[in-house]
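Protein chains in written order, with our numbering: chain W, 6 to 84; chain Z, 3 to 351.
Read the hints as simulated data drawn from the structure, not as lab findings.
Among the hints, a few may not be true.
Unchecked claim - Calculated cross-link-like contacts (lysine-lysine; reagent style DSBU-like; alpha-carbon spacing at most 30 Å):
| # | chain 1 | residue 1 | chain 2 | residue 2 |
| --- | --- | --- | --- | --- |
| 1 | W | Lys38 | Z | Lys34 |
| 2 | Z | Lys202 | W | Lys61 |
| 3 | Z | Lys276 | W | Lys38 |
| 4 | Z | Lys344 | W | Lys38 |
| 5 | Z | Lys276 | Z | Lys344 |
| 6 | W | Lys49 | Z | Lys202 |
Listed here are the chains, written in short residue letters.
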Amino acid sequence: MSVDIVVPQEMWGDSTEGVVVTWIYQNGASVAKGQPVAEIMVEKAQLELVAPASGKLTILAVPETVIGRDQVVGRIESA
Amino acid sequence: MAQPVPAAAAGSERTLTMARAGREAVFSEMRKNPDMFVIGEDVAKLGGVFGTTVGMAEEFGASRIIDTPISETGFIGIATGAAMAGMRPIVEIAFVDFIGVCFNQIYNFAAKTHYMSGGQFKVPLTFMIGYGGGYNDAAQHSQTLFATLGHVPGIKIVTPADAYDAKGLMASCLQDDNVTVWMVHKRLWGLGWLGFPLPKALATVPEHDYTIPFGQSRIWREGGDVTIVGLGLTVHNALQAAEQLASEGISAEVLDLRSVVPLDREGIFKSVAKTGRLVVADEDYMSFGVTSEVLAVVAERDPTVLKAPAVRVAYPDVPVPFSRPMEDFCLPNVERIVAAVKSTMKGKQ
């Protein structure tokens, strides 16, 4: 099963654009649900994205790229 | 320019920013020591101007993560007194420029009490301080000031250049029983609004606790023709300079001081004795600074190891300009380091 990683609605405030600053884990790494996996920036606030499920991480939005609301920035394939 | 996503790894190692790595050490020590607390401006509600205390107010509560008014003399006095009474305070000063306000508390009380009391009082106080320019914040928010602090006996000063060192040096500071200062260049925190993380400042950081001893420099790159000494951001500039120089056939060794006090005099001399040439890059003011002290190490031990005069690449003795071209001109950037190295190589075949 695959779970999408999207920026939670409450992190956006009035903004529509953010940016990926860095991924904490590499593409293909095993992560556990609730672990921080990436840091993103919305306005000038640095926020962390946590894994919505346990499994293998696939990175879709690379660091320094602009992301929008509802954009799938990564996926987690659970075993 | 977008960074490529790192290739798939077998395990699940974490690559952390320096801000995250440093605060991981603080979290860990705070959990072990109920007498440890954080005090400063914007540390609780905001989580630190540079993200040094994110999540701590939620875990440790308002009695241990304490927001203060803009009153450095007051809260550093509080912290010094608390440390003398047996607690282990951590003081955040976001910008090193602000130490001017409260320097009496730092250098007359915090730094000297252990000595003046004949060792009866220890002052286990750690400062977390941001420094450095390069982002047009002008003369009162861009300074480095290693030498201003380092000149006073009784203060240990470290400045990591990557996330691994950020965590290990922070742990060493927090475990030390007297005044320590953990300083991070603003360009290195890994916060998007201060510039995306430099690839080499991000590092694999173990989840377990570890320390890095004070006064132990680190060789980032070995070389045979010249030693480039840097610390903090200038390590990254020196590494880029070394890359450029390699393409021109010059082999540069890059030595990261990691500690300003105590200074790894043995490590500096050993490297310079091997290469025979020395360039020191520092964003603090040139005169009476870290660069001078590094040159003094060689001059005092054996200046005959030098095949050419040593060169300092530091901040000119002027206040930091606001204008971008003027500030860029002053910074110890890659171009200035490359030129300095080449000036030491004249006549070498």
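Of the hints given before, which are not true for this structure? The structure conflicts with hints 3, 4, although it agrees with all the remaining ones.
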